[in-house]
Amino acid sequence: MSVPASWYLVVAAVLFGIGVYGFLTKRSVLTMLMCIELMLNAVNLTFVTFARTLSDVAGQTVVFFVMVVAAAEVTVGLGITVAVFRRRRTTSVDELTEMQG
Amino acid sequence: MLALTTTWPDLLVFVTAAALIVVGALGVISLRNPVHSALSLIVTLFGVALSFLEQSADFLAAVEIIVYAGAIVVLILFVIMFLGVDRHPRDEVEPLVGQRAFAAVGAIVTVGGLVFLMARAHWVTGVMSASTNGTPLASGQGEITQLGQSVFTTYLIAFEVTAALLIIAVLGAVQLARRDRESEVEQ
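Those protein sequence lines, which keep their order, are chains A and B. Numbering-wise (the numbering used here), the first sequence opens with residue 38 and increments by one. Numbering-wise (the numbering used here), the second sequence opens with residue -7 and increments by one.
Just chain B, with the same shape it has in the complex:
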């Protein structure tokens, strides 16, 4: 499996991306302050975007930074500031006995199972899938064109449903966060 055709710049990019991803993710779950967790999440997102770039998904790498790091994490940070940082619950308390141990075992079993499946599986490669009408992925600059054509032809219905989903989500969030409805809900 250790392909010797890998050049050292590719290897360097992969190692950097993997380090960013793992260190950021560990920071998210280990840092006490939720603001620090959110900032650590940005590190992970940059690592994921770097690995997207390495795998010729340029548009998705840009969207990863703009949407995730630029919008979602900022939204999370805004709510953390809005609710107050020091009011957040401590993780030291363990009402459910052995919860951490069970969670660790579950996570390790999940990762181990996934890696085991990967080691055992034989992926069919080299031929584009005929079932999805997919166009073969070009290397280089053709990826955005291909992605756009795929979204606006094969997946057009899903794209339109996505628009409705976003409108519903925004309206739901506005309705949930409205303050003057509180007295009516109370009854």
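Next up, chain A with everything else stripped away, as it sits in the complex:
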């Protein structure tokens, strides 16, 4: 018998919280992308835990799709980062304020 599912859920919640804090405080776009990956992995861990708890393979299927979307998201995000860097010579979110109201 494996460890209780709630332990994994607590670890996933902590991982998500760390990702939230990093996303809100970091200045570099690249580090913010890494923090988004942390949050996605926390959600993936939750899905797999519930797939085991509820004995339903649908949770693992959702994780499969989340991984695909994460790969696409990182590809486009890094493409945007490179394009912005070519124009502005920076990756700091503080200096990209054209759309500020």
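Treat the hints with care, since some could be wrong.
What the hints assert, rightly or not - Here are the computed distance ranges between Cβ atoms for each label pair:
1) B/0 x A/136: 54 to 62 angstroms
2) B/112 x A/106: 50 to 58 angstroms
3) A/125 x B/70: 42 to 50 angstroms
4) A/126 x B/5: 44 to 52 angstroms
5) A/126 x B/66: 23 to 31 angstroms
6) B/109 x A/103: 38 to 46 angstroms
7) B/150 x A/135: 48 to 56 angstroms
8) A/126 x B/105: 34 to 42 angstroms
9) B/153 x A/126: 34 to 42 angstroms
10) B/0 x A/126: 25 to 33 angstroms
No lab work stands behind these hints, which were simulated from the structure alone. C-beta: ideal position from N, C-alpha, C; glycine also.
Using the hints, position chain B against chain A.
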């Protein structure tokens, strides 16, 4: 909640996975050098893959290593090297007063709320969900077969849309990163 049926190898695996996950995640947000952050992210990904293995998600554990650690982190590292490591902004500056404090409060409230919900909730367990046409998860070696059948029958449309999404993402990234379009965009 402390199930006494847990054997010590399971407990050891869980503690190792949790330590890898938390230490790696803290490294991602605390290390100054973005290259070190990316390497620390790999530690977290290995911890997540270990917990996937422990919960009989073998295929997803392999995909976690191959796709995340093998492709996504390498892509991030490549862009970090491409843009130059030393040009990255410092996190010491705080243009928005109290941003760190508010972020910490928000993260703590999020984690606390999630743990509180977990402690209060009563999960329905033991019966497979009838609404998703899901097949019950077998323990052991049947998981990859089940996952494949689920992806190619119940979620076939989502799978095909995923293929289109990947093509669109690749084409968009190529278009965004093209250098010779820069002069036209400028106008």
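We went through each hint and held it up to the structure:
1. B/0 x A/136: 54 to 62 angstroms: Given range 54 to 62 angstroms: holds, Cβ gap about 55 angstroms.
2. B/112 x A/106: 50 to 58 angstroms: violated, 30 angstroms
3. A/125 x B/70: 42 to 50 angstroms: violated, 20 angstroms
4. A/126 x B/5: 44 to 52 angstroms: Since residue 126 of chain A and residue 5 of chain B have Cβ atoms about 46 angstroms apart, the given range 44 to 52 angstroms holds.
5. A/126 x B/66: 23 to 31 angstroms: holds, 24 angstroms
6. B/109 x A/103: 38 to 46 angstroms: violated, 21 angstroms
7. B/150 x A/135: 48 to 56 angstroms: violated, 36 angstroms
8. A/126 x B/105: 34 to 42 angstroms: holds, 40 angstroms
9. B/153 x A/126: 34 to 42 angstroms: About 37 angstroms separates the Cβ atoms of residue 153 of chain B and residue 126 of chain A, which means 34 to 42 angstroms holds.
10. B/0 x A/126: 25 to 33 angstroms: Since the Cβ atoms of residue 0 of chain B and residue 126 of chain A sit about 55 angstroms apart, the hinted range of 25 to 33 angstroms is violated.
Checked against the numbered hints given earlier, the structure breaks hints 2, 3, 6, 7, 10 and satisfies all the rest.
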